[in-house]
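Asks: In the order they appear, the protein sequences are chains A and B.
Residues in the first sequence are numbered consecutively from 979, following this note's numbering.
Residues in the second sequence are numbered consecutively from 10, following this note's numbering.
These aren't lab readings, by the way, just hints derived from the structure by calculation.
Any given hint might turn out to be false.
[Claimed, not checked] Calculated pairs, EDC-like style, for lysine to aspartate or glutamate (alpha carbon to alpha carbon, straight line, at most 20 Å): (1) Lys-240(B) / Glu-1032(A); (2) Lys-296(B) / Glu-991(A); (3) Lys-240(B) / Asp-1044(A); (4) Lys-1018(A) / Glu-220(B); (5) Lys-298(B) / Glu-1032(A); (6) Lys-245(B) / Glu-995(A); (7) Lys-268(B) / Glu-286(B); (8) Lys-298(B) / Asp-990(A); (9) Lys-181(B) / Asp-1023(A); (10) Lys-240(B) / Asp-1037(A); (11) Lys-181(B) / Asp-1044(A); (12) Lys-181(B) / Glu-991(A); (13) Lys-1018(A) / Glu-1032(A); (14) Lys-981(A) / Glu-1000(A); (15) Lys-96(B) / Glu-117(B); (16) Lys-240(B) / Glu-264(B); (17) Lys-1018(A) / Glu-995(A); (18) Lys-245(B) / Glu-1038(A).
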Amino acid sequence: MNKVLFFAHLRDEVGEESVTIEATGKTVAEVKALVAEQYKLQKLDSAMTAINEEFAPNDEVIKDGDIIAFIPPVSGG
Amino acid sequence: MSERYSRQTLFPPIGKDGQERIRRKHVLIIGAGALGSGNAEVITRAGVGKLTIVDRDYVEASNLQRQQLYTEEDVAEKLPKAAAAEKRLKAINSEVEIRSMIGDATPEKLAELAGDVDLIIDSTDNFETRMAINDISQKFEIPWIYGACVASFGMSFTVVPGQTPCLNCLLKTIPIQGMTCDTAGIIGPAVQMVIAHQTAEALKILVEDWEAVRTSFVSFDLWRNQYSSMKMSRAKDPGCLSCGEHREYPYLNAENMTKTSVLCGRDTVQIRPPHSEGVDLSDMAGKLKALGYEVKGNPYLLSAEMETNRFVLFQDGRALIHGTKDIAQAKSLYNRLLG
């Protein structure tokens, strides 16, 4: 199982700071699609992904116990 | 060395030598809003040699809650932010050569300004300009510091050409988000926290303490008490078109830029973003209504109106801004609402 953390507006849209899902063996891109569908998120494509607090590209494969974080880049200044 | 910088030179990583280095440097700040105000004030007080600040907007009442250089008088006079910032910064430290530029930070303008610049501090409100800054940074080998905030959330990342990944490695494309300070709000402390991260990095770079430069991507939410530091050791993309082996500097290319045109006789500016991911119109309609806009729409477009602001937004991200022929003003409204 994998813990998924949400930052900024993603947290508001999901309604929780974190959820637990089964993402082992899936790529980051697949997990993004899965989570976006499950929680009706529109903008997960442009979110950056950290696995165990390290930046992970879209083709990275998730291992059991990995903690996934989605961090949406924001533009305000 | 005057007494003025004594507390800063007492700090060993800066010292008298570091102060001399700061004094010889030229910092370019793009944007004079909340981040631009704060970044410029810290760098000016720190005694930089020369500071150039660029902004296309003017001071409004809704800026005063967080944009620390401006006063009610600036609002009453509708002063351009760059001009109001220059006036205040000169009053803070007359030893610093302050230059202001009122207008859009286009790739051409950035290339022109980049000549003798040692560091660029991002204080813009949109990713198109950030991607252009990112390409200029790689092309001219100038470090830059990304910073952004919305609501109680903020983030920062330092890009050092030849060493760190660049913004294009991380984002690959310009994200359209529909969440900006104008739609989701912003609190002063989130601004200040980003400024603290950006200016600490700036001082490290100005004194050339490269070892101390932060390599992680930091993000935080001051209201939710979250702080995250994302390691970036594997983020550099060798195929990146901005910093990789075969560079094209795509965001200096007109094709990747927002196209604007004044529609003759209609008092309207058209704005067309490049390679847009599209806009969720019903989501955007909700946000605009919350701001007090009167919104009408259909599946293809929405039209919104509040006081003198009138515009139509299409699903592909294209917008018609009515009631103006001023491209900078139209782009400013567009970026404030769509990021």
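Asks: Would the pair Lys-245(B) and Glu-995(A) pass a check requiring their Cα atoms to be no farther apart than 20 Å?
Replies: violated, 28 Å
Asks: Given the proposed pairing of Lys-240(B) with Glu-1032(A), does the C-alpha separation stay at or below 20 Å?
Replies: Holds: Lys-240(B) and Glu-1032(A) sit about 4 Å apart, inside 20 Å.
Asks: Do the alpha carbons of Lys-981(A) and Glu-1000(A) lie within 20 Å of each other, as the hint requires?
Replies: holds, 9 Å
Asks: CA of Lys-296(B) to CA of Glu-991(A), is that 20 Å or under?
Replies: holds, 14 Å
Asks: Is it true that the CA of Lys-240(B) sits at most 20 Å from the CA of Asp-1044(A)?
Replies: Holds - the C-alpha atoms of Asp-1044(A) and Lys-240(B) are around 15 Å apart, at most 20 Å.
Asks: Taking only the CA atoms, is the gap from Lys-240(B) to Asp-1037(A) under or equal to 20 Å?
Replies: Given that 20 Å is the threshold and the Cα spacing comes to 18 Å, the pair holds.
Asks: Compare the distance between the alpha carbons of Lys-1018(A) and Glu-1032(A) with 20 Å, and conclude whether the hinted pair is satisfied.
Replies: Roughly 26 Å separates the two Cα atoms, so the pair is violated.
Asks: For the pair we were handed, Lys-268(B) and Glu-286(B), check the Cα-Cα distance against 20 Å.
Replies: Holds, at about 16 Å.
Asks: Is the hinted pair Lys-181(B) and Glu-991(A) satisfied, with a Cα-Cα distance of at most 20 Å?
Replies: violated, 24 Å
Asks: Between Lys-96(B) and Glu-117(B), does the CA-CA distance stay at or below 20 Å?
Replies: violated, 26 Å
Asks: Would you check the hint for Lys-181(B) and Asp-1044(A), treating anything up to 20 Å between C-alpha atoms as holding?
Replies: Violated, at roughly 24 Å.
Asks: Hinted pair, alpha-carbon criterion (20 Å max): Lys-298(B), Asp-990(A). Please report holds or violated.
Replies: Status holds; Cα separation ~19 Å.
Going through the hint list in order, the structure does not satisfy hints 4, 5, 6, 11, 12, 13, 15 and 16.
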